[in-house]
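In case you want the letters, here they are:
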Amino acid sequence: MSTPAGFDELIHPSTRLSVVALLAATEWADFAFIRDSLSLSDSALSKQLHTLQEAEYLEIQKEGGGRNRRTKVRLTDRGRTAFEGHVAALRAIVDSAGPATGAARKQPRAEAGR
Amino acid sequence: MSTPVDAEQAWQDLQRIRVPQERVYDEYERAASGSRGMTYGTAALMWLFLAGVGLDLPLWGLLLSVGAYAGLLGALIVWSGRRNRMQLHRSRFTGRTLLAFAAGGVLVGGTVVLASRLTEPLEPIYAGLIQATAAVAVYLLSLGPANRWAIDSVRGSGEPTEEADR
Numbered sequence: 001m002s003t004p005a006g007f008d009e010l011i012h013p014s015t016r017l018s019v020v021a022l023l024a025a026t027e028w029a030d031f032a033f034i035r036d037s038l039s040l041s042d043s044a045l046s047k048q049l050h051t052l053q054e055a056e057y058l059e060i061q062k063e064g065g066g067r068n069r070r071t072k073v074r075l076t077d078r079g080r081t082a083f084e085g086h087v088a089a090l091r092a093i094v095d096s097a098g099p100a101t102g103a104a105r106k107q108p109r110a111e112a113g114r
Numbered sequence: 001m002s003t004p005v006d007a008e009q010a011w012q013d014l015q016r017i018r019v020p021q022e023r024v025y026d027e028y029e030r031a032a033s034g035s036r037g038m039t040y041g042t043a044a045l046m047w048l049f050l051a052g053v054g055l056d057l058p059l060w061g062l063l064l065s066v067g068a069y070a071g072l073l074g075a076l077i078v079w080s081g082r083r084n085r086m087q088l089h090r091s092r093f094t095g096r097t098l099l100a101f102a103a104g105g106v107l108v109g110g111t112v113v114l115a116s117r118l119t120e121p122l123e124p125i126y127a128g129l130i131q132a133t134a135a136v137a138v139y140l141l142s143l144g145p146a147n148r149w150a151i152d153s154v155r156g157s158g159e160p161t162e163e164a165d166r
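Each protein sequence line maps, in turn, to chains A and B. Note that the first sequence covers residues 1 to 114 in UniProt numbering. Note that the second sequence covers residues 1 to 166 in UniProt numbering.
Keep in mind that the hints are not guaranteed to be accurate.
To be verified - In silico lysine to any residue, SDA-like type, Cα no more than 20 Å apart, as pairs:
| # | chain 1 | residue 1 | chain 2 | residue 2 |
| --- | --- | --- | --- | --- |
| 1 | A | LYS72 | A | GLY98 |
| 2 | A | LYS72 | B | GLN87 |
| 3 | A | LYS72 | B | GLY71 |
| 4 | A | LYS72 | B | GLY81 |
| 5 | A | LYS72 | B | ALA68 |
| 6 | A | LYS72 | B | TYR126 |
| 7 | A | LYS72 | B | THR111 |
| 8 | A | LYS62 | B | SER80 |
| 9 | A | LYS62 | B | TRP79 |
| 10 | A | LYS72 | B | ALA103 |
| 11 | A | LYS72 | B | GLY104 |
| 12 | A | LYS72 | B | ARG117 |
| 13 | A | LYS72 | B | ARG90 |
| 14 | A | LYS62 | B | ASP26 |
| 15 | A | LYS72 | B | VAL106 |
| 16 | A | LYS72 | B | ASN147 |
Claimed, not checked - Sample of chain A residues at the chain B side, in silico, Cβ under 8 Å:
| # | residue |
| --- | --- |
| 17 | THR15 |
| 18 | ASP30 |
| 19 | SER37 |
| 20 | LEU38 |
| 21 | LEU40 |
| 22 | SER41 |
| 23 | ALA88 |
| 24 | ARG91 |
| 25 | ILE93 |
| 26 | VAL94 |
Just so you know, these hints were derived from the structure itself, not from any lab. Don't be surprised by glycine CBs; every beta carbon is placed ideally from N, CA and C.
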């Protein structure tokens, strides 16, 4: 099976896909908010963020100090483009299977890829 | 080497994308409607401003009131923004979000105009208090429904969900 253009191997693993999907709906999100929303441990999330940051898919900004220290995570334009391309590729795979699978009939709403 | 993905898995991935995004909308809804400090803070500022303006202030007093109101409102918005755990992406806002905001302004403004007409025979101090109280009451009563209406559009209301299809 050929993989459609835009399919992103870096985003494809489920945890990373969830992280990027969450960030795509935000201008920025707190580290703690991402961790709690996806039920991840600090270390598991840090590892995924580090991988995505190395690919320049996201930016990490630390603010404040002491108890008020917070880490803001923001998807870069490159990361957003990659996510949109990946969603388009997934849709193309579903569409190519036709209505026989029953999946193409139930396309998720367009916002998933925005 | 590329990962082979079949249609069923691609479909599941598309569904998986929706789950964290729903968390974002939940948080946005919680922040928009759940922050009592912000709601009552803005209502108190609005009441003070309108009651003050109703005192028939001289021009310098009016300008001072407008400046103080704008400054304190701005500080309240910044304070509230710092407490937020995320900020919704601009692409998620719909026309309905803007419409809800504009409709709220028109409703509160209309209440002020109507109340000022109805309280014209009264002393300025009493008229100002009635105008301010009426406008703040309308603001507080309309805020919840307007927020819910706007947030429904952010979630993409009216479109079928997978659960609904089952």
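Pair hint LYS72 of chain A and GLY81 of chain B, alpha-carbon separation not exceeding 20 Å
Status holds; Cα separation ~13 Å.
Checking one constraint from the list: CA of LYS62 of chain A to CA of SER80 of chain B, max 20 Å. Satisfied?
19 Å, holds
Taking 8 Å as the limit, does the beta-carbon of LEU40 of chain A come near enough to a beta-carbon in chain B?
11 Å, violated
Straight-line Cα separation of LYS62 of chain A and ASP26 of chain B no greater than 20 Å?
25 Å, violated
Agreement of LYS62 of chain A and TRP79 of chain B with the hint, judged by alpha carbon distance not exceeding 20 Å:
Holds: LYS62 of chain A and TRP79 of chain B sit about 18 Å apart, inside 20 Å.
Check the hint pairing LYS72 of chain A with ALA68 of chain B against an upper bound of 20 Å on the C-alpha distance.
Given that 20 Å is the threshold and the Cα spacing comes to 31 Å, the pair is violated.
Quick check on the hint: SER41 of chain A CB to chain B CB, less than 8 Å?
16 Å, violated
Proposed interface contact between ILE93 of chain A and chain B, which counts if any beta carbon pair is under 8 Å
4 Å, holds
Taking only the CA atoms, is the gap from LYS72 of chain A to ARG90 of chain B under or equal to 20 Å?
17 Å, holds
Compare the distance between the alpha carbons of LYS72 of chain A and GLY71 of chain B with 20 Å, and conclude whether the hinted pair is satisfied.
27 Å, violated
Closest C-beta approach of ALA88 of chain A to chain B relative to 8 Å, hint status
Violated. Min distance 11 Å.
Straight-line alpha-carbon gap LYS72 of chain A to TYR126 of chain B, limit 20 Å
49 Å, violated
Violated hints for the displayed structure, listed by number in ascending order: 1, 3, 5, 6, 7, 10, 11, 12, 14, 15, 16, 17, 21, 22, 23.
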